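Following the hints, position chains B, C and D against chain A.
Read top to bottom, the protein sequences are chains A, B, C and D. With the working numbering as the guide, the letters of the first sequence map in order to residues 1 to 247. With the working numbering as the guide, the letters of the second sequence map in order to residues 1 to 247. With the working numbering as the guide, the letters of the third sequence map in order to residues 1 to 247. With the working numbering as the guide, the letters of the fourth sequence map in order to residues 1 to 247.
Hints listed in this document are in silico derivations from the structure and should not be mistaken for laboratory results. All values derive from a computational prediction rather than experimental measurement. Don't take every hint at face value.
Identical copies look the same in the list; a pair holds intra-copy or inter-copy alike.
Think about it this way: if two alpha-carbon atoms lie no more than 20 Å apart in a straight line, the pair counts; the simulated DMTMM-like pairs of lysine to aspartate or glutamate are [unchecked claim]:
hint	residue 1	residue 2
1	K149	E178
2	K115	E148
3	K39	E176
4	K142	D62
5	K142	E231
6	K76	D34
7	K12	E220
8	K108	E71
9	K103	E2
10	K130	E220
11	K76	D14
12	K108	D237
13	K103	E71
14	K108	E2
15	K108	E176
16	K144	E176
17	K130	D62
18	K144	E178
19	K130	D34
20	K130	E153
21	K39	E217
22	K115	E140
What follows is each chain in one-letter form.
Protein chains: 4
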Amino acid sequence: MESLITYDCRPKLDNVVFIEGLPGVGNVGKIAADFLAYKLEGQRMASILFSDLPAQVMIDYDNHPYAINVELWYVKDVNGKDIIFLLGENQASTPQGQFELCKLVFEKIIPYDPKVVLTLGGFGLGEIVKDPHVLGAVNEQKLKSRLEKIGVEFRPGEPQGGIIGAAAMFVAFANEYEVDAACLMGETSGFLVDHKSAQKVVEVLCRFLGIEIDTSEMQENIEQIDQINDEVQALADSKPEDLSYYR
Amino acid sequence: MESLITYDCRPKLDNVVFIEGLPGVGNVGKIAADFLAYKLEGQRMASILFSDLPAQVMIDYDNHPYAINVELWYVKDVNGKDIIFLLGENQASTPQGQFELCKLVFEKIIPYDPKVVLTLGGFGLGEIVKDPHVLGAVNEQKLKSRLEKIGVEFRPGEPQGGIIGAAAMFVAFANEYEVDAACLMGETSGFLVDHKSAQKVVEVLCRFLGIEIDTSEMQENIEQIDQINDEVQALADSKPEDLSYYR
Amino acid sequence: MESLITYDCRPKLDNVVFIEGLPGVGNVGKIAADFLAYKLEGQRMASILFSDLPAQVMIDYDNHPYAINVELWYVKDVNGKDIIFLLGENQASTPQGQFELCKLVFEKIIPYDPKVVLTLGGFGLGEIVKDPHVLGAVNEQKLKSRLEKIGVEFRPGEPQGGIIGAAAMFVAFANEYEVDAACLMGETSGFLVDHKSAQKVVEVLCRFLGIEIDTSEMQENIEQIDQINDEVQALADSKPEDLSYYR
Amino acid sequence: MESLITYDCRPKLDNVVFIEGLPGVGNVGKIAADFLAYKLEGQRMASILFSDLPAQVMIDYDNHPYAINVELWYVKDVNGKDIIFLLGENQASTPQGQFELCKLVFEKIIPYDPKVVLTLGGFGLGEIVKDPHVLGAVNEQKLKSRLEKIGVEFRPGEPQGGIIGAAAMFVAFANEYEVDAACLMGETSGFLVDHKSAQKVVEVLCRFLGIEIDTSEMQENIEQIDQINDEVQALADSKPEDLSYYR
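Next up, chain A with everything else stripped away, as it sits in the complex (with noise of 0.2 Å):
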């Protein structure tokens, strides 16, 4: 596979942390990731086309055309560290182009000597999930403990089916590599795009970073969401039948 990478800076980081938050199951770690990109003023370093994305381009209300691709962005002195985002609209096609296009973004971050890996998804549950936790898989036991403090909980061989998708490849990668890496990952139903998992994701993130940033822009998207599973729960209870193409 190909790919073409056009930088638009080279930055001087330090104390990098790396965030990976494409879409995936409820989008959760996607909403995180570009959420907190975007309170945190990230900007653009680096923008990846790559063969197994969408051979698409989008048009904007400029009429200007744009890529399907991945991006890396930057945010300098979070409380310290500095950190580097990977966003996009899509996850590659197949395994491989998975395999691939993680592989090439994880060989572009490792000259930057990260020191953690933090990958965001949605854990789906299949149900409604009226206060979702955020579920952790770390492979380093003091992480595991500075996480746990923080409030991400730690169930045993939970993900039974593992994870899938850049959110796992780029946790497989940092082992070889051995660098600390967990992936945080939303409980959600797995039904809708879910604003309010995100909402527990980016508020762990903040305390890892330990910073404050407020979140009351989500809000709206996290009634939403709130209503629908209102709605949703209140059709299970009465008529459990009609919700079969859900469960």
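The following block gives chains B, C and D in isolation, referenced to the frame of chain A:
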């Protein structure tokens, strides 16, 4: 994926306009590019075999086998500009192949320092189009103004589904290489090979290049399109249910 | 894709004719090439494992496993010409693999400076063929005249659907490298492995090479084909509806 | 396709036996290889991530994510021989991936100058096997005699469908590199993960290596297999029509 490029010649070209016209919706882009290259008496400069095109040769009426390939053609001094066309009977068959074939071609074009990349296509409306307009997407404001003046329409966010295939990829690569680029899309029902829409695209291209060419050779095909469109429209007006297949 | 080529020997060859005979319609090309190589007492010069062939070994009656590969065989001084055969039990399984395997082989053949490339195949008619002719497609006028004189038929634009697979790709590459090439196609119903059609192709090849070989060993198989064809034809005449599967 | 190989160590090894035991029919090969490596207290020497394995990590009971990979393990001085095992939870998912992953591994093994390559698998019979035999395919006559003496059966032309996947590819590559190689296949119904058949393969391997190991740890699983087989056989005897799914 692999390729085999054979050069017929390596012309010295200046002030290059690159025009892509491979098959697609209504074959609008292909017809327009083929016709323009023919009227301008283009010469073939290269043939490109590529592993994601069908593994097939076609047989002509002299029993000569010719491969399914894509080809670069050129025309010198069209009102002060040199043109390179990408022509062919097929696009690559997978998204990965689309990316890699277009990247391969783009990297052959870049050394000619193209001033503008124009990709041609059809904008499928899914209904009879009596008087097709040419829509545009463009990566540079000056180019947009220039195209608007010669009759190209810009509708914010259209096409909503984006642009796919070669017409998209060359614009995507042009973005990365900071080359001015536009996609010109003739409105078409998408039901038929649409010479009428292609004629409108040819007219826009002629105005863009500041030339006049005789499109009367397209007229016979256009009248056929008009006639079929009229018949379909009459049927649609009298028995709309019979058109369900086309909608 | 990847390959592993093992040479048994690297013969010095002159005035080379390259003959491709991999499986295809009615297996006509494979049977003809295998038979000719056998009668001319060909020697294997190379075995080619390729990642787009099945990941499989077959077991012979001595319990020896042998890979599904393609092989180059050679014969020296066949009436002043040296022949290289491409033989095998399979073609590559994807269009991409067809391209890459044929390109790989072609690039091994080119250093031998082949005078002519002959690809063999079946021309499927979809009906019983009592007296199969051999059709040709050819990239050079002199070669066409020469083939016409030895009984090859040239029907303008036929086969209408073109030629696919290895028989096509070697002709396509020969075009690009400006090597004389022809595809010789034995007419066949396409319902059966057709030794009768293959015999006709062998006869054309012998006339082309100016040699005589004894094809009586093919006779038993041919009589079987004749018998089956007669039975199918009798059935077709009496109960045409029973043959719908074959049509 | 791409890979990432991480070495835990680079042991000096002599008189090397390479044993492949990836999952397959009845998981016979995997169980046998895993068990032998465990009893011989093998050490991991390398982990191989490969783009045609699932893009996935699994989570263990310490919440540690581990990639779906294949691994090389080694044991020194097993009765004068050093062993390298290829172990893992998955084979590559496409024929192309099978070829490329096995080639990659084989090229890592070749510098150790292996004296013999043994690939392990199941021979699926599609019916209950009370007393499984171990069948062989072998590329060298002396090795065949040696295996026959320790109880391996050789049935001409069997398995008729050949051998597929990693068990086939390593034998295919060994043929090309002229390394002695055998595939050892435990008879199995193919309905179940078959520890009983695997035990027979382990016994053959021990005789081949001239060692004794205690297989009693396999006994509990074997008794389960026997019990299930008995139940299925009883069902088959009384109500054969109920077993149509398994046949």
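Against the structure, the hints:
no. : hint           : verdict
1   : K149 with E178 : neither (23 Å within a copy, 48 Å between copies)
2   : K115 with E148 : within (18 Å within a copy, 51 Å between copies)
3   : K39 with E176  : neither (32 Å within a copy, 27 Å between copies)
4   : K142 with D62  : between (49 Å within a copy, 13 Å between copies)
5   : K142 with E231 : neither (42 Å within a copy, 50 Å between copies)
6   : K76 with D34   : within (16 Å within a copy, 48 Å between copies)
7   : K12 with E220  : neither (37 Å within a copy, 59 Å between copies)
8   : K108 with E71  : within (12 Å within a copy, 26 Å between copies)
9   : K103 with E2   : both (12 Å within a copy, 9 Å between copies)
10  : K130 with E220 : within (16 Å within a copy, 45 Å between copies)
11  : K76 with D14   : within (8 Å within a copy, 44 Å between copies)
12  : K108 with D237 : neither (50 Å within a copy, 60 Å between copies)
13  : K103 with E71  : both (14 Å within a copy, 19 Å between copies)
14  : K108 with E2   : both (15 Å within a copy, 16 Å between copies)
15  : K108 with E176 : both (15 Å within a copy, 18 Å between copies)
16  : K144 with E176 : within (18 Å within a copy, 40 Å between copies)
17  : K130 with D62  : neither (40 Å within a copy, 27 Å between copies)
18  : K144 with E178 : within (15 Å within a copy, 45 Å between copies)
19  : K130 with D34  : neither (23 Å within a copy, 44 Å between copies)
20  : K130 with E153 : within (16 Å within a copy, 48 Å between copies)
21  : K39 with E217  : within (10 Å within a copy, 58 Å between copies)
22  : K115 with E140 : within (12 Å within a copy, 40 Å between copies)
Checked against the numbered hints above, the structure breaks hints 1, 3, 5, 7, 12, 17 and 19 and satisfies the rest.
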